[in-house]
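2 protein chains.
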Amino acid sequence: MKLNDSAFLLLHADDNLVIAKRQVSPGETIVESNGAPPIATTASIDMGHKIARSSIAVGDPVRKFGQIIGFASHPIAPGEWIHSHNLTAGHLSLDYAFSSDIPAPPEPVEGRVFQGFRRADGRAATRNYVGIISTVNCSASVSKYAVDQIRRDILEQYPNVDGVVALTHKGGCAMQYDGEDHHQLARVLGGFAKHPNIGAYVIVGLGCETGQTGFLVDDQSLVQLKGASQPQTGSPLVLTIQETGGTAKTVNRTVELIKELLPEANKVQREAIPVSEIMLGCECGGSDGYSGITANPALGIASDLLVAHGATSILGETPEIYGGEHLLTRRAITPEVGQKLVDLMHWWEDYTGKFGTQIDNNPSPGNKKGGLTTIYEKSLGAIAKGGSTALQGVFKYAEPVTSRGFVVMDTPGYDPASVTGMVAGGANVVAFTTGRGSCFGCKPVPSIKIATNTPLYERMSDDMDFNAGKIVDGASVEEVGRELFEKVIAVASGEKTKSELQGLGDEEFCPWSIGPTL
Amino acid sequence: MKLNDSAFLLLHADDNLVIAKRQVSPGETIVESNGAPPIATTASIDMGHKIARSSIAVGDPVRKFGQIIGFASHPIAPGEWIHSHNLTAGHLSLDYAFSSDIPAPPEPVEGRVFQGFRRADGRAATRNYVGIISTVNCSASVSKYAVDQIRRDILEQYPNVDGVVALTHKGGCAMQYDGEDHHQLARVLGGFAKHPNIGAYVIVGLGCETGQTGFLVDDQSLVQLKGASQPQTGSPLVLTIQETGGTAKTVNRTVELIKELLPEANKVQREAIPVSEIMLGCECGGSDGYSGITANPALGIASDLLVAHGATSILGETPEIYGGEHLLTRRAITPEVGQKLVDLMHWWEDYTGKFGTQIDNNPSPGNKKGGLTTIYEKSLGAIAKGGSTALQGVFKYAEPVTSRGFVVMDTPGYDPASVTGMVAGGANVVAFTTGRGSCFGCKPVPSIKIATNTPLYERMSDDMDFNAGKIVDGASVEEVGRELFEKVIAVASGEKTKSELQGLGDEEFCPWSIGPTL
Ligand SMILES: [Ca+2]
Ligand SMILES: [Ca+2]
Ligand SMILES: [Ca+2]
Ligand SMILES: [Ca+2]
Ligand SMILES: [Ca+2]
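Taken in sequence, the protein lines are chains R and U. Taking the numbering used here, the leading residue of the first sequence gets 391, the next gets one more, and so forth. Taking the numbering used here, the leading residue of the second sequence gets 391, the next gets one more, and so forth.
Some clues are possibly wrong.
For chains that are exact copies, the list does not tell them apart, and a pair is met inside one copy or across any two.
With a Cα cut of at most 16 Å, we get these calculated EDC-like pairs of lysine to aspartate or glutamate [to be verified]: (1) Lys639 with Glu848; (2) Lys639 with Asp852; (3) Lys584 with Asp511; (4) Lys759 with Glu869; (5) Lys411 with Asp608; (6) Lys759 with Glu633.
Hints listed in this document are in silico derivations from the structure and should not be mistaken for laboratory results.
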């Protein structure tokens, strides 16, 4: 029997550890394929956790994926559990080696299409939503009330409209006018207003907020989209509660405006669009020890296939790239692109340092329970989502993504904030891997939830769209990755995700604020 | 005719300016009561804005409320409009004079009651809500779905329950575990769980979030309240989506749990409770030139009356106290209390400095349009809400308020975040003054909205509860303040506010995050 057919998984020949594929009891034996003497486990070890396959002295590197994930802080014997008690992140000295190892472009694949919506200005949509964009928390209730009324009384008359969403949040005021945080929020709100999946929208503000509607419209050059058949000119529709005369009047006026927009917004139908116009946002949330060995590498295969088809795959979550950036700088298409990535890391070190916080305080308690010990281990697992092609660009949070291929966007690791940025940047499908479980949804964009392990897939069957855990059960990463690529195309073409079937996605719009709130 | 019966309002004999009570045309004359030569206005000047009543040289102080609000940056002629173009904040050197001017306690008033709910442990409530407390954004949708179902199908059977509220937010993860931001969020969530207006609650988390349910329950010593007739012992009800098996199952289980809690939660009735058990949270939002001369001083009178009755009035919004703290340190009951206030100011200077932001970038564009030029002017107007009694204590954000009388809580100026902190600290009525307009609501606590001017009161009649603008029309501050005190008692006794009548308050729960989001 091969080692990987047993309860243990060796990820790379250079590794001095194996992974428990299930809960392992003390005294179970790791039998190497090369005929070396069997090693007995010395403790009960949870699924996804690490076990030493050789002696590791204090200060010696601990390797997973063939990469250093940290250093032994106590002597580790063969068969011993490796985790926070005997493994520390230490300080990895990184060699960026900019653009030294740019992968050859994948063999281009042409002619493959999905069924999407073509907007009058040429953009490709995967869903057709109408939005109410709330500039500030003070207009959130009004926006929600209007959406409730439209859903209850009006929407069924427009079968080609997938839904109406109130993009409400907790910010929009008490920030520095024209400051970095204000611009970031404007990019998010503007990015959603301009998102291909939004067929028409109304902006609703209070009136006196720092995040003025006029600033938003100007800064983001917003225009109204009037359905596929109309030119996109003219100012967007803007209401403020203070000018309109309060809650009730503004709800009524918002509903009236949306009513006027709906007939045009409904005049769409799906048509064949090249797969190259898919922009996939890749996210992992509630990671576990399997994230980096099943779902994320499978998503990496799907990303590579999308890139081969001329499409775009976005890797976000800068704090989770942290420690693994030297793997991406080598793949950067130019040294400038690589330097942008390194600059992000410095921004984050500086930013978290202001708060006395360590960027490598990550992984979370849930991650640790799932078997991830160090930020490096988590990062190496996290960047697997981006696949293996050249890094074509690095974008600011919520910045419009203008490169095709594999790109990085600066987002926090926090799922709703991260995905909000990628969608604002243009992602029209989201792929969300999770080991601990998630019920994330993200209107107006479908979010495919990918379980890293079969027990999760079964336990949260109402929420999980895809089981990458079958890799542990024997399927190859390549095979599962191809299947996931097909799932992305199906969902882009209108197949509803589990979160869409449950109506999720009204609460997860979460613009990342870098502060301060005054 | 007296000056204050004309279009102009002189606030204090030492002032070198008057306020326009309405839009004033160029050439209208300011006729002083003392027979001095009339002064003609030199421009069209908006309501609430300032006009010089004497020549002011560059660098000379500009006085309003008898206090320095800044210094002339250009020469100002009599009759000239005073605003950002000729007035700067400069740097006021403050003399704290700790506890040098502690006001005599107001004449105590006894025997006055309101009709409230008495909880089994003795706490006094003004409303009777059931809550779903969401630890993290990842459980927000589940919490909202459960509330929707309870409102639709169940709640009408329990007429003594005022409502069910999902306390959802955008945070709860990607913060430093056990760090300052984590503790602050725990104080907010714990403060709401322990709020007298919450008769029963369920905590709903995802499972893997940094803000673990177990941390919350332990840190905040949470117990379940089982109606008025039951002892408050036993652990609170906690669900996680990951353990419960996903969205649908967790919604169902949450609804089941709330169903079990409702019969006991319904067993309450209003009874006479001393007014001393009212805790008023004072907030101003969307301030204008009238905030500091009508609504805020009237609220100050109401605060003083509450204090005379042994009750508590909370002044928040530290950045809006900034610049006026030397008026409060004199009134501090001990130098230690005064020093706590000064320490807050230093924390804020340090905090905003980290971001390269000035704490005095306040007032907002809306404030400026309304006639407020400098932070000092705004602060002097803002602290008027706290009245004139001794400062009894200074509390952290969302910290339980344990002093009676007039106290300060450290909150940001941002309305939803500020009120969330005061309610978490125990405020059972909120008084919210506004000049530009607001539709703020704050479940489970009623929020009285007080217009600073009559045009606003009339324009947003569906949202405004009280018109302090009648002070401009001739009523005295004292008279209007007494009327507001009576309104507070009526609302505490069950009279519905405008925002309650409209169902507002589901979106405004907004825990203040000091960052960083990782
Ligand atoms: Ca993650
Ligand atoms: Ca994370
Ligand atoms: Ca994440
Ligand atoms: Ca304010
Ligand atoms: Ca405020």
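Hints, one by one, checked against the model:
1. Lys639 with Glu848: This pair counts as between: shortest inter-copy Cα distance 13 Å, intra-copy 47 Å.
2. Lys639 with Asp852: between (39 Å within a copy, 9 Å between copies)
3. Lys584 with Asp511: within (11 Å within a copy, 54 Å between copies)
4. Lys759 with Glu869: neither (29 Å within a copy, 62 Å between copies)
5. Lys411 with Asp608: Neither: 54 Å inside a copy, 33 Å across copies.
6. Lys759 with Glu633: Classified as between; 14 Å across copies, 52 Å inside a copy.
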